[in-house]
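Based on the sequences and whatever the hints tell you, model everything.
2 protein chains.
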Amino acid sequence: MGNADFMNGESTHRAAVPPPQPFLKSLQNAVKETLFPDDPLRQFKNQPPGRKLILGLQYLFPILEWGPRYSLDFFKSDLVSGITIASLAIPQGISYAKLANLPPILGLYSSFVPPLVYAIMGSSRDLAVGTVAVASLLTASMLGREVNAAENPALYLHLAFTATFFAGIFEAALGIVRLGFIVDFLSHATIVGFMAGAATVVCLQQLKAILGLDHFTHETDVVSVMRSVFSQTHQWRWESAVLGGCFLFYLLLARYFSKRKPWLFWISAMAPLTTVILGSLLVFLTHAEKHGVEVIGHLKKGLNPPSIMDLAFGSPFLSTAIKTGIVTGVIALAEGIAVGRSFAMFKNYHIDGNKEMIAFGMMNIVGSCTSCYLTTGPFSRSAVNFNAGCKTAVSNIVMAFAVMLTLLFLTPLFHYTPIVVLASIIIAAMLGLIDYEAAIHLWKVDKFDFFVCMSAYVGVVFGSVEIGLVIAVALSLLRVLLFIARPRTLALGNIPDTNIYRNVDQYPDTRNVPGLLILQIDAPIYFANSSYLRERLSRWIDEEEDKLKSSGDSNLQFLILDMSAVGNVDTSGISMLQEVKKNIDRRGLKLALANPGAEVMKKLNKAKFIEAIGQEWIFLTVGEAVGACNSWLHTYKPKPATDETEKWSNNV
Amino acid sequence: MGNADFMNGESTHRAAVPPPQPFLKSLQNAVKETLFPDDPLRQFKNQPPGRKLILGLQYLFPILEWGPRYSLDFFKSDLVSGITIASLAIPQGISYAKLANLPPILGLYSSFVPPLVYAIMGSSRDLAVGTVAVASLLTASMLGREVNAAENPALYLHLAFTATFFAGIFEAALGIVRLGFIVDFLSHATIVGFMAGAATVVCLQQLKAILGLDHFTHETDVVSVMRSVFSQTHQWRWESAVLGGCFLFYLLLARYFSKRKPWLFWISAMAPLTTVILGSLLVFLTHAEKHGVEVIGHLKKGLNPPSIMDLAFGSPFLSTAIKTGIVTGVIALAEGIAVGRSFAMFKNYHIDGNKEMIAFGMMNIVGSCTSCYLTTGPFSRSAVNFNAGCKTAVSNIVMAFAVMLTLLFLTPLFHYTPIVVLASIIIAAMLGLIDYEAAIHLWKVDKFDFFVCMSAYVGVVFGSVEIGLVIAVALSLLRVLLFIARPRTLALGNIPDTNIYRNVDQYPDTRNVPGLLILQIDAPIYFANSSYLRERLSRWIDEEEDKLKSSGDSNLQFLILDMSAVGNVDTSGISMLQEVKKNIDRRGLKLALANPGAEVMKKLNKAKFIEAIGQEWIFLTVGEAVGACNSWLHTYKPKPATDETEKWSNNV
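Residue numbers (full-length UniProt numbering), protein chains in the order written: chain C, 1 to 652; chain L, 1 to 652.
It is possible that some hints are incorrect.
Cross-link-like lysine to aspartate or glutamate pairs, in silico, EDC-like; alpha carbons within 16 Å at most [stated by the list, open to error]:
{"hint": "1", "chain 1": "C", "residue 1": "LYS347", "chain 2": "L", "residue 2": "ASP39"}
{"hint": "2", "chain 1": "C", "residue 1": "LYS347", "chain 2": "L", "residue 2": "GLU543"}
{"hint": "3", "chain 1": "L", "residue 1": "LYS25", "chain 2": "C", "residue 2": "ASP505"}
{"hint": "4", "chain 1": "L", "residue 1": "LYS444", "chain 2": "C", "residue 2": "GLU599"}
{"hint": "5", "chain 1": "C", "residue 1": "LYS45", "chain 2": "L", "residue 2": "GLU543"}
{"hint": "6", "chain 1": "L", "residue 1": "LYS45", "chain 2": "C", "residue 2": "ASP546"}
{"hint": "7", "chain 1": "L", "residue 1": "LYS355", "chain 2": "L", "residue 2": "GLU616"}
Across the chosen pairs, the derived CB separations fall in these ranges [to be verified]:
{"hint": "8", "chain 1": "L", "residue 1": "VAL31", "chain 2": "C", "residue 2": "ILE182", "range": "25 to 35 Å"}
{"hint": "9", "chain 1": "L", "residue 1": "ASP505", "chain 2": "C", "residue 2": "ARG539", "range": "30 to 40 Å"}
{"hint": "10", "chain 1": "L", "residue 1": "LYS301", "chain 2": "C", "residue 2": "ARG539", "range": "46 to 56 Å"}
{"hint": "11", "chain 1": "L", "residue 1": "TYR636", "chain 2": "C", "residue 2": "VAL470", "range": "15 to 25 Å"}
Keep in mind the hints are simulated off the structure, nothing from the lab.
Predicted, not measured: the structure shown is a model, and the values here were computed from it.
Just so you know, even glycine gets a beta-carbon here, dropped at the ideal spot from N, CA and C.
Below you can see the structure in the form of structure tokens.
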């Protein structure tokens, strides 16, 4: 691949400018890749209109697609898993509604209507719909800041419905305008830290029920909670604490066994319902409700009442409701989408994130009109569903019917259920969300991710849920911006006996090429980094010249920029390159580029930079660039050729 | 480079995991590259303590470095250029102070103290210090929203000093904590659009003076201004308009000539002063001030009075002052740094952005205590300075002395200067800021940059200066985030008769390798794009399999990911790769990686992904990966080998 004559143009290959595209076509491509990367209309291509209508309906309502293929075998599996998740959904629903400072019955309502909507519109086969602890807590803390749930329960309730409505609108809107990727800006590290922090906060809140306290702080941070708990030690109720401790131990034991033996999953799944039954029986038999053990009390019989007239669009607190809706909606969406995706990957089917968002949105809009509050696909419930062998979303329908029967006939049974049992159920569920192994993994693999994770955790636990979230998202974004603002420039050296050039830090046995400085730029060149790159490149040249001077080697003659990793360049980036060119011309060096990509070549061509640098100084590979530079040195600079240079120009 | 035996490990090269670094050392490196990319302490290395002190002082006060080498020849040049810029500074200073709704004399004060501070602390040799139109307008619009300058001039004045003080504090702080790169987030395109918009708005504001109107809107958008102008056509004063038109014509003519012949720069530089003298004489002789031509009136004699006691830290409008200070400070900084850098590049010396920020900051802090408002390095004045042949910052000192003499003795001469002359000077200066050629260049080279530029322009002209700025910065950031969120994945093909693989769109004569899909990922793999990449890679595989199926070719056997352009990966990215691996395992394909960089290899190693994929499936180049895949197909899958496959495994 060496070329003895300089620039004979036969054995070297030229970096190509891609064929020009009309502006509208490239705009269309860009929009398609940005908003429709999954090409959702692919299946509609070349279909007759009737078929298109059916496909369109199936696209909106996936039940039309899998429904006709539904079999009795599937139903058997879905029946078992549906009943299993119902037994989890009832106590969890009541607990989380308490966490949101809402009437407990709302937890049951929310496990009836939304699962039916999701069964029709959702595309996951494993997701079990229900309320989640974090969104419940967030609702309580964001709405509670404006309206006291104890003093003004009706207004608080209406604002909760309104927030759910706007959460649904926002979720559906994100899906419709295909901006689902906003959810991606919650990184894995953020979610690990945030979830663990929220779980800690939720557990701390349960101290009220466990210790049987009447008064409790409205703050969620650990300092306020601890101060509140230890300022009223004389109020602690040992009966409540013992009961709570026992049930918590039982729940954790059940989880421990079902984790060890996955086929025992039902022990863990049924455990909450059995604790509720045992706890209620105990209270009923011992009349413990008269000895400081608080119980749920009366639950209204009957199905969800309509709540569409309760949406408080005219309320002075509307903006709070909207804000609460958007924040909780995004959090719920992130959890639901992540859960759906994980199980889809296990079973190897595909989930369309934007379509899921529309399903979640519709489920919450309908829910807000039927006395439900925010629902999504919680991890715990979906995992139980998956383990119980669910086949389709019919398990959600089965769960909804089980909850319906409960609402119609069984609510009186929950009268004696002690609150402390619900607290144990919440704590047991929350402890599973503190994923310290994931945090250790983050520390091992990526220190910055660990830092983001811990910031989210500390922010949630010592500040508030929102503060933790804002800190974590800001840090994640800062990281992305820092990556763009501070790209790395790497010196490349030759891997012995090849024509390959690689980073000298990664491959310590590479050799420098005398007279040449080969740098790789590791990011697109944008306004945000062009000043930095200009300074950094000039510092590279300075340092290289200093080094050569002190070692008495030959002068620096060429700067070769490997552009392989430069995905794009904007006008600021081009100006930077032009300035670098001027600068190194002034120093008496020459500039060569290796392997600029399609976008970069296109723009360099339009900006006439290719003419400025000379088409013959743009190469397809670093190896060819080095070969040409050495030939040039050999041909045009007849200076006392050291053995090194001789060897090099022959070698390449 | 082909290997006939599969994986003999002799002729292929392995991608290396870089040698491990202790955590603290890599943290130190990261901090250094992020905050100290220019290595400012390099010159202090290996120096005795006394020398270090001197170097340190010289670092803070560059005058100590160049002062001792100052010569009489230099002084001659600096004297000429200093007097030239003073002749521009006096009328411009008065005009811009009027634009900021401040007493005209402040424009002169601001050309006296700050240039002296900059001469001591600044490192640019060509920058001429002074007030700028855009920052003046912003001050007027941001402060004017809270306090009416006409009704409460003292409070307005004090808030302007306070804003200047905070601008200085903010600028210096950015430099001290080395966050100067924040300025880089104002892209070239943003600045072009923003400056043109601000210039348009400033010109529109001059219609008040040109038409001799008494009442004028406080809004800056084009709609309000036009409504204000055309609602009072009966108030227009033809005397004022004619005078303004003539002087504007003269100024533009002077600029036209000095642009055509650079050695005539002094015509343009002196033009403002001559218009002021001519205008004042004209008014003085014709008593036009009594016929509707407004004049400056009385200007107080004497040097800057101290204003340190006027800083309104206790004012209820403090937050407005701080906000105004930060916004105008950043804008001023961006202009000053850009101007300093441009001229430094012309003369091939180096400017340290962070050091310049400290100098600008100190200049404004001192200025705010001596009755000056916000100053920076305006482009027009610095260009005149440069053209007049300045050698060092002494030209600023000369200008300051000229302004001092004016303040002490010549202020009465400005009594009869007509306001309309100042308006013409502003308009002439502003028309030079509308850089339509740059906008055309943006359109040609980068449509998105053009879009950002036009958004900034439209935002400023139809909304307000702040709206335009926010829109433009948000769009620029969105672009960076979109780049990260939607990286391109490119299919690679073989360039005939080589071992090189390149993008098939850019090099249309590349050939596909049967059974292999080679993709290049064009960005670091982060949380923000990992979901997208997972979907996109799976779509690539789907499409490739569809294509192969419809053409009846051999099945897809390998996915080779070219990681050359993947600068980094975080834990979300690693999870994505693990999922892709699982996914393609399930489809019966194999995954190979080519050329992962140092950071990527390090993290993949820590996450044990290298073990999962097999060290032998990570290659140094795409060519070697293809070679190994073909050998593997040949060795382990004895299927009816088509001629194609035969040829390929021989070829590579």
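Verification of the supplied hints:
In summary, the hint linking LYS347 (chain C) to ASP39 (chain L) is not supported, as the alpha carbons are separated by about 53 Å, beyond the 16 Å threshold. For the hint pairing LYS347 (chain C) with GLU543 (chain L), the CA-to-CA distance comes to about 21 Å; that exceeds 16 Å, so the pair is violated. Among the hinted pairs, LYS25 (chain L) with ASP505 (chain C) is consistent with the structure: their alpha-carbon atoms are about 15 Å apart, no more than 16 Å. In summary, the hint linking LYS444 (chain L) to GLU599 (chain C) is supported, as the alpha carbons are separated by about 14 Å, within the 16 Å threshold.
This hinted pair checks out: LYS45 (chain C) and GLU543 (chain L) have alpha carbons roughly 14 Å apart, not beyond 16 Å. Distance hint between LYS45 (chain L) and ASP546 (chain C) is fulfilled; the C-alpha atoms sit about 14 Å from each other, no more than 16 Å. At roughly 50 Å between alpha-carbon atoms, LYS355 (chain L) and GLU616 (chain L) are farther apart than 16 Å, so this suggested pair is violated. VAL31 (chain L) and ILE182 (chain C) have their C-beta atoms about 31 Å apart, which keeps the hinted 25 to 35 Å range intact.
Hint check: ASP505 (chain L) to ARG539 (chain C), Cβ distance near 35 Å, so the stated range 30 to 40 Å holds. The supplied range of 46 to 56 Å is met by LYS301 (chain L) and ARG539 (chain C), whose beta-carbon atoms lie about 51 Å from each other. Range check, TYR636 (chain L) to VAL470 (chain C): about 53 Å between beta-carbon atoms, so the 15 to 25 Å window is missed.
Of the hints listed earlier, those the structure fails to meet are numbers 1, 2, 7 and 11, in rising order.
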